[in-house]
Amino acid sequence: MDDAMIKKFGDAIYDAYVARKTIKPLVELTDDIEIEDSYRIAKHFIDRRVAAGETIIGKKIGVTSKPVQQALGVYQPDFGQLTNEMVYANGAAVDLNKLIQPKAEAELAFVLKEDLTGPGITAVDVIRATDYVTPCFEIVDSRITDWKIGIKDTVADNASCGVFALGDVKGDPRKIDLTLAGMVVEMNGELHATSTGAAVQGSPANAVAWLANTLGELGMPFRAGEIILSGSQGPLIPVVDGDHLKCTIGGLGTCEVSFEGRAAV
Amino acid sequence: MSLTLSREEIVRLASRIETAQVYAHSIRKLTEEYPDMTLEDAYAVQTELRRNFEKAGHRVIGWKAGLTSKPKMIQMGVDKPGVGFLTDRMARPENSVITVSDLVHPRAECEIAFMLKSELKGPNCTREDVLAATDYVMPAIEIIDSRFTGFKFDFESVIADNSSSARFVAGGRPMYVEDLDLPTIGVVIEQNGEIVAMGAAAEVLGDPAEAVAFMVNVIHDMGETVPAGSFMMSGAITAAQAVKPGDNVVARFQHLGSVSVRFSD
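Those protein sequences? They're chains Z and R, same order as listed. Quick note, the first sequence lines up with residues 179 to 443 if you use my numbering. Quick note, the second sequence lines up with residues 5 to 269 if you use my numbering.
Just so you know, the hints here were simulated from the structure itself, not pulled from any lab data. Be aware that one or more of the hints could be misleading.
[As the list claims (entries may be wrong)] Straight-line Cα separation of at most 30 Å, DSSO-like style, residue types lysine-lysine; simulated pairs: (1) Z:LYS221 <-> Z:LYS291; (2) Z:LYS353 <-> Z:LYS291; (3) R:LYS121 <-> R:LYS84; (4) Z:LYS353 <-> Z:LYS424; (5) R:LYS248 <-> R:LYS125; (6) R:LYS156 <-> R:LYS76; (7) Z:LYS348 <-> Z:LYS326; (8) Z:LYS199 <-> Z:LYS291; (9) Z:LYS353 <-> Z:LYS326; (10) R:LYS84 <-> Z:LYS424; (11) Z:LYS202 <-> Z:LYS353; (12) R:LYS248 <-> Z:LYS244; (13) Z:LYS244 <-> R:LYS76; (14) Z:LYS326 <-> Z:LYS186; (15) Z:LYS424 <-> R:LYS76; (16) Z:LYS185 <-> Z:LYS291; (17) R:LYS74 <-> Z:LYS281; (18) Z:LYS281 <-> R:LYS248; (19) Z:LYS424 <-> R:LYS74; (20) R:LYS125 <-> Z:LYS244; (21) Z:LYS199 <-> Z:LYS186; (22) Z:LYS326 <-> Z:LYS281; (23) Z:LYS353 <-> Z:LYS244; (24) Z:LYS244 <-> Z:LYS348.
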């Protein structure tokens, strides 16, 4: 795809994000799009947000679980970039008025204390380079109408990233079994779902290693201090005004968010 | 709810179930013959079955909870779990080979088991009572088996069939409950090396100790107490997996190690 088309699609997604509107799936707008093009479109979308004053503070990994991979027909994860505008404090109310068609995912977040430059990174390096892990909620959102996304659409749309909140406990990844750590998600005081880290690529550390290697191939930096949302451990949770979500991982405390207002769709 | 079956009918149904269990053949659900059968009738048949086994020299070593997860209760149209008894003849060693030709529809599920150091009795047994009476917990795989044709059953038939109890394997690492956060204990089940199910112990009534308290109260209604030394299996954390000869099932528990079992003809 030529640069003009990349810019055109990146601008269209940015404009949809700003206006809280949706656009048709990109694959319905052109036959001529590969995943590499989608990542270039996503970069243009994020470059526009950075030009408007946002700062990149980390990455999110998506398409990490088997059911989602089967649904999209792709057998590798994808990633998007996190900015300072996306952050909510633990316990805060997420403003749905700023989102289009949000859904919540409970995940494990990593914060790096060392740069992690791929290729050649393994899960072992991830543990070494991690400052701490903590439970988190990512509120995914799609600028594509009715979430009718294939892998190329979601990658171009910054991996459907919306906003996120991290827990307060800074857990040492050397003291927890990331694969078997159980996660309990409660919605409005009722048990909603449980899972383990194994839902994400066998271990969330595997997903972070994949990200480091993928960023390395693309020549993108992956720095100490960055936040990584490692991928949803359970089903997507639709949310509306008044909902409250709580995610608990044994030894890592909780992350809680509530929701206020009305999303665009 | 009350007893609607006569003593003769209870004896006859218990003997029919015992024969089906011993000779591994399937029978039609009991409610086809007795559509008005109550839960009290069902537990009366189960009690008769237990007495028959005890007369034959089997030792009752504890109890198990069944249908402890919300999806299973909804599937069965009930709002509470079921209870069954465990005998020494159902126990199999860790890493042993379980013969499936003497079972009807064997399926494996993983649970947290409680070993009691003091007696528990209902009514009004609570989670706190259970924790205070627990010596240690350990992981277990239960092999359930339904003796009803084509997996067609209802709650009353299942209870009479000793809540589908068949075999169990305890293993892994015993732990004191005070060293654990029971609801967030994660478990991953692997069948022939592939992850087939996962979850956290909160799937069992929010906390597996709640399931043990529930059992103690049902056992009280059956006119029994639960002595020190009883082995209490608290109910499946994940969906049961159908097993066939040649299969290997491993349940990996956070903090509690793993339990492994193989299946043969």
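Okay, the hints, checked on the actual structure:
Between Z:LYS221 and Z:LYS291 the alpha-carbon distance is near 25 Å, which keeps this suggested pair within the 30 Å criterion. Distance check on the hinted pair: Z:LYS353 and Z:LYS291 sit about 16 Å apart at the alpha-carbon level, within 30 Å; holds. As the CA atoms of R:LYS121 and R:LYS84 are separated by approximately 26 Å, the hinted pair is consistent with the 30 Å bound. Note on Z:LYS353 and Z:LYS424: the hinted pairing holds, with a Cα-Cα distance of about 23 Å set against a maximum of 30 Å.
Taken as a hint, the R:LYS248 and R:LYS125 pair is broken in the structure, with Cα atoms around 38 Å apart against an allowance of 30 Å. Restraint check: the Cα-Cα separation between R:LYS156 and R:LYS76 comes to about 14 Å, which is no more than 30 Å; the hinted pair holds. With a C-alpha separation of about 36 Å, the suggested pair Z:LYS348 and Z:LYS326 falls outside the 30 Å cut-off, and the hint is violated. Distance hint between Z:LYS199 and Z:LYS291 is unfulfilled; the C-alpha atoms sit about 37 Å from each other, more than 30 Å.
Distance check on the hinted pair: Z:LYS353 and Z:LYS326 sit about 40 Å apart at the alpha-carbon level, beyond 30 Å; violated. The suggested pairing of R:LYS84 with Z:LYS424 holds, with an alpha-carbon distance near 25 Å, which does not exceed 30 Å. Restraint check for Z:LYS202 and Z:LYS353: not satisfied, since their Cα atoms lie roughly 46 Å apart, outside the 30 Å limit. A C-alpha spacing of about 24 Å is found between R:LYS248 and Z:LYS244, which places the hinted pair at or below 30 Å, so the restraint holds.
Among the hinted pairs, Z:LYS244 with R:LYS76 is consistent with the structure: their alpha-carbon atoms are about 23 Å apart, no more than 30 Å. Our distance criterion of 30 Å between C-alpha atoms is met by Z:LYS326 and Z:LYS186, whose separation comes to about 20 Å. Taking the CA atoms of Z:LYS424 and R:LYS76, the gap is about 23 Å. The hint holds against a cut of 30 Å. A hinted pair counts as satisfied when its Cα atoms are at most 30 Å apart, and Z:LYS185 with Z:LYS291 does not qualify at roughly 34 Å.
Between R:LYS74 and Z:LYS281 the CA atoms are separated by roughly 23 Å; this keeps the pair inside 30 Å, and the hint holds. With a CA separation close to 39 Å, the supplied pair Z:LYS281 and R:LYS248 exceeds the 30 Å bound. For the hint linking Z:LYS424 to R:LYS74, the alpha-carbon distance of about 19 Å falls within 30 Å, and the restraint holds. At most 30 Å may separate the alpha-carbon atoms for a hinted pair to count; R:LYS125 and Z:LYS244 exceed this at roughly 44 Å.
Between the alpha carbons of Z:LYS199 and Z:LYS186 the distance comes to roughly 16 Å, so the proposed pair stays at or under 30 Å and holds. Proposed proximity of Z:LYS326 and Z:LYS281 is supported: the alpha carbons are some 14 Å apart, at most 30 Å. In summary, the hint linking Z:LYS353 to Z:LYS244 is supported, as the alpha carbons are separated by about 27 Å, within the 30 Å threshold. Between Z:LYS244 and Z:LYS348 the CA atoms are separated by roughly 28 Å; this keeps the pair inside 30 Å, and the hint holds.
Hint violations for this structure: numbers 5, 7, 8, 9, 11, 16, 18, 20, all remaining hints satisfied.
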